[in-house]
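*Asks:* Sequence:
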Amino acid sequence: MSRWLWQLRARLGYWLARRLFHWPAALRQPRLWQWMQGQYGRMANLGDTAAQSFYGHILLFRGQGLGAREEGLRLLRLAADGGDGKAAYQLGVQALQGDSRQAPDAAQAVRWWEMALAAGHPLAAGRLSRLYREGAPGLPADPQAAERYAAMADGSGRSGR
1 MSRWLWQLRA RLGYWLARRL FHWPAALRQP RLWQWMQGQY GRMANLGDTA AQSFYGHILL
61 FRGQGLGARE EGLRLLRLAA DGGDGKAAYQ LGVQALQGDS RQAPDAAQAV RWWEMALAAG
121 HPLAAGRLSR LYREGAPGLP ADPQAAERYA AMADGSGRSG R
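Here the sequence shown stands for residues 1 to 161, where the numbers follow full-length UniProt numbering.
If you're looking for bench data, these hints aren't it; they were derived computationally from the structure. Bear in mind that the values here come from a model prediction, so they are computed numbers and not experimental data. All C-beta atoms, glycine included, are put in the ideal place defined by N, C-alpha and C. Some clues are possibly wrong.
What the hints assert, rightly or not - Pairwise CB distance ranges (calculated): (1) 142 / 30: 16 to 26 Å; (2) 23 / 137: 35 to 45 Å; (3) 74 / 22: 50 to 60 Å; (4) 142 / 24: 42 to 52 Å; (5) 6 / 147: 20 to 30 Å; (6) 145 / 30: 27 to 37 Å.
Could you put together the complete structure from these sequences and hints?
*Replies:* In C-alpha coordinates, the structure reads:
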(Lines of atoms letter the chains of each structure in order from A and count residues from 1; the text may use other names and numbers.)
(Lines give C-alpha, C1' and ligand atoms only; values in the text may rest on other atoms or scores of the structure.)
Protein backbone atom coordinates (compact mmCIF):
# COMPACT_ATOMS: atom_id res chain seq x y z
CA MET A 1 0.00 0.00 0.00
CA SER A 2 1.16 3.51 -0.69
CA ARG A 3 2.24 5.81 2.14
CA TRP A 4 -0.70 8.12 1.47
CA LEU A 5 -3.16 5.25 1.84
CA TRP A 6 -1.56 4.13 5.11
CA GLN A 7 -1.85 7.65 6.51
CA LEU A 8 -5.48 7.90 5.43
CA ARG A 9 -6.21 4.56 7.08
CA ALA A 10 -4.46 5.72 10.27
CA ARG A 11 -6.44 8.96 10.36
CA LEU A 12 -9.76 7.21 9.81
CA GLY A 13 -8.99 4.61 12.47
CA TYR A 14 -7.96 7.33 14.92
CA TRP A 15 -11.10 9.32 14.19
CA LEU A 16 -13.29 6.28 14.84
CA ALA A 17 -11.38 5.31 17.99
CA ARG A 18 -11.77 8.86 19.37
CA ARG A 19 -15.54 8.68 18.76
CA LEU A 20 -15.77 5.28 20.44
CA PHE A 21 -13.85 6.63 23.45
CA HIS A 22 -16.99 8.49 24.53
CA TRP A 23 -19.06 5.30 24.68
CA PRO A 24 -18.66 3.54 28.05
CA ALA A 25 -19.82 0.24 26.55
CA ALA A 26 -16.96 0.35 24.05
CA LEU A 27 -14.40 0.93 26.81
CA ARG A 28 -15.59 -2.17 28.66
CA GLN A 29 -14.85 -4.43 25.68
CA PRO A 30 -11.22 -5.62 26.03
CA ARG A 31 -10.64 -6.41 22.34
CA LEU A 32 -12.20 -3.15 21.19
CA TRP A 33 -10.20 -1.16 23.78
CA GLN A 34 -7.02 -2.87 22.57
CA TRP A 35 -7.83 -1.91 18.98
CA MET A 36 -8.56 1.68 20.04
CA GLN A 37 -5.22 1.94 21.83
CA GLY A 38 -3.52 0.66 18.70
CA GLN A 39 -5.13 3.46 16.71
CA TYR A 40 -4.04 6.07 19.27
CA GLY A 41 -0.50 4.70 19.27
CA ARG A 42 -0.29 4.59 15.46
CA MET A 43 -1.40 8.20 15.13
CA ALA A 44 0.97 9.32 17.89
CA ASN A 45 3.85 7.54 16.13
CA LEU A 46 3.01 9.42 12.94
CA GLY A 47 3.86 12.61 14.85
CA ASP A 48 0.38 14.04 15.40
CA THR A 49 0.72 16.37 18.41
CA ALA A 50 -2.91 16.08 19.50
CA ALA A 51 -2.72 12.28 19.36
CA GLN A 52 0.53 12.29 21.34
CA SER A 53 -1.08 14.42 24.02
CA PHE A 54 -4.28 12.37 24.15
CA TYR A 55 -2.59 8.97 24.23
CA GLY A 56 0.10 10.24 26.61
CA HIS A 57 -2.59 11.27 29.10
CA ILE A 58 -4.33 7.91 28.74
CA LEU A 59 -1.12 5.98 29.37
CA LEU A 60 -0.11 8.22 32.28
CA PHE A 61 -3.42 7.95 34.12
CA ARG A 62 -4.95 4.69 32.92
CA GLY A 63 -1.97 2.65 31.76
CA GLN A 64 -0.84 -0.37 33.72
CA GLY A 65 2.71 -0.54 34.95
CA LEU A 66 5.79 1.62 34.91
CA GLY A 67 6.35 1.08 31.18
CA ALA A 68 2.98 2.61 30.32
CA ARG A 69 3.69 5.57 32.59
CA GLU A 70 7.10 6.16 31.01
CA GLU A 71 5.65 5.92 27.50
CA GLY A 72 2.91 8.34 28.52
CA LEU A 73 5.47 10.85 29.78
CA ARG A 74 7.53 10.43 26.60
CA LEU A 75 4.47 11.14 24.44
CA LEU A 76 3.55 14.13 26.59
CA ARG A 77 7.09 15.52 26.17
CA LEU A 78 6.81 15.16 22.39
CA ALA A 79 3.41 16.87 22.41
CA ALA A 80 4.64 19.69 24.66
CA ASP A 81 7.63 20.26 22.42
CA GLY A 82 5.14 20.41 19.54
CA GLY A 83 3.26 23.25 21.26
CA ASP A 84 0.53 21.43 23.20
CA GLY A 85 -0.24 23.43 26.35
CA LYS A 86 -2.19 20.68 28.11
CA ALA A 87 0.73 18.26 27.79
CA ALA A 88 3.21 20.88 29.04
CA TYR A 89 0.98 21.66 32.02
CA GLN A 90 0.71 17.99 32.97
CA LEU A 91 4.49 17.56 32.70
CA GLY A 92 4.88 20.46 35.14
CA VAL A 93 2.52 18.75 37.57
CA GLN A 94 4.45 15.49 37.26
CA ALA A 95 7.82 17.24 37.70
CA LEU A 96 6.66 18.91 40.91
CA GLN A 97 5.25 15.64 42.29
CA GLY A 98 8.29 13.55 41.52
CA ASP A 99 8.18 9.77 41.81
CA SER A 100 10.11 6.85 43.27
CA ARG A 101 13.03 7.38 40.89
CA GLN A 102 13.14 11.16 40.69
CA ALA A 103 12.82 13.82 43.36
CA PRO A 104 10.39 16.71 42.85
CA ASP A 105 11.99 19.28 40.54
CA ALA A 106 10.53 22.77 40.86
CA ALA A 107 12.82 24.25 38.20
CA GLN A 108 11.59 21.66 35.70
CA ALA A 109 7.97 22.39 36.69
CA VAL A 110 8.57 26.10 36.04
CA ARG A 111 10.00 25.29 32.61
CA TRP A 112 6.98 23.18 31.63
CA TRP A 113 4.42 25.62 33.07
CA GLU A 114 6.02 28.56 31.27
CA MET A 115 5.75 26.53 28.06
CA ALA A 116 2.09 25.80 28.88
CA LEU A 117 1.48 29.48 29.58
CA ALA A 118 3.00 30.42 26.22
CA ALA A 119 0.65 27.89 24.58
CA GLY A 120 -2.33 29.50 26.31
CA HIS A 121 -3.12 26.99 29.06
CA PRO A 122 -5.53 28.71 31.48
CA LEU A 123 -4.16 27.24 34.74
CA ALA A 124 -0.42 27.63 34.15
CA ALA A 125 -0.12 31.23 35.36
CA GLY A 126 -1.96 30.43 38.60
CA ARG A 127 0.30 27.45 39.31
CA LEU A 128 3.41 29.53 38.60
CA SER A 129 2.14 32.29 40.88
CA ARG A 130 1.51 29.84 43.72
CA LEU A 131 4.86 28.13 43.21
CA TYR A 132 6.78 31.41 43.34
CA ARG A 133 4.73 32.65 46.29
CA GLU A 134 5.37 29.53 48.41
CA GLY A 135 8.72 28.44 47.00
CA ALA A 136 9.72 24.82 46.58
CA PRO A 137 12.81 22.62 46.99
CA GLY A 138 15.48 24.20 44.80
CA LEU A 139 13.33 27.24 44.02
CA PRO A 140 13.25 30.12 46.51
CA ALA A 141 10.12 32.22 46.94
CA ASP A 142 10.01 35.26 44.64
CA PRO A 143 7.20 37.72 45.47
CA GLN A 144 7.74 39.82 42.33
CA ALA A 145 7.46 36.82 40.02
CA ALA A 146 4.45 35.58 42.01
CA GLU A 147 2.68 38.91 41.50
CA ARG A 148 3.54 39.00 37.81
CA TYR A 149 2.08 35.52 37.23
CA ALA A 150 -0.93 36.31 39.45
CA ALA A 151 -1.68 39.33 37.24
CA MET A 152 -1.45 37.08 34.18
CA ALA A 153 -3.80 34.57 35.80
CA ASP A 154 -6.31 37.30 36.65
CA GLY A 155 -6.10 38.72 33.11
CA SER A 156 -6.67 35.35 31.47
CA GLY A 157 -9.54 34.61 33.85
CA ARG A 158 -11.34 37.83 32.96
CA SER A 159 -10.87 37.49 29.22
CA GLY A 160 -12.15 33.91 29.29
CA ARG A 161 -15.55 34.88 30.78
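*Asks:* If you test the structure against every hint from before, which numbers come out violated?
*Replies:* 1, 3, 5, 6
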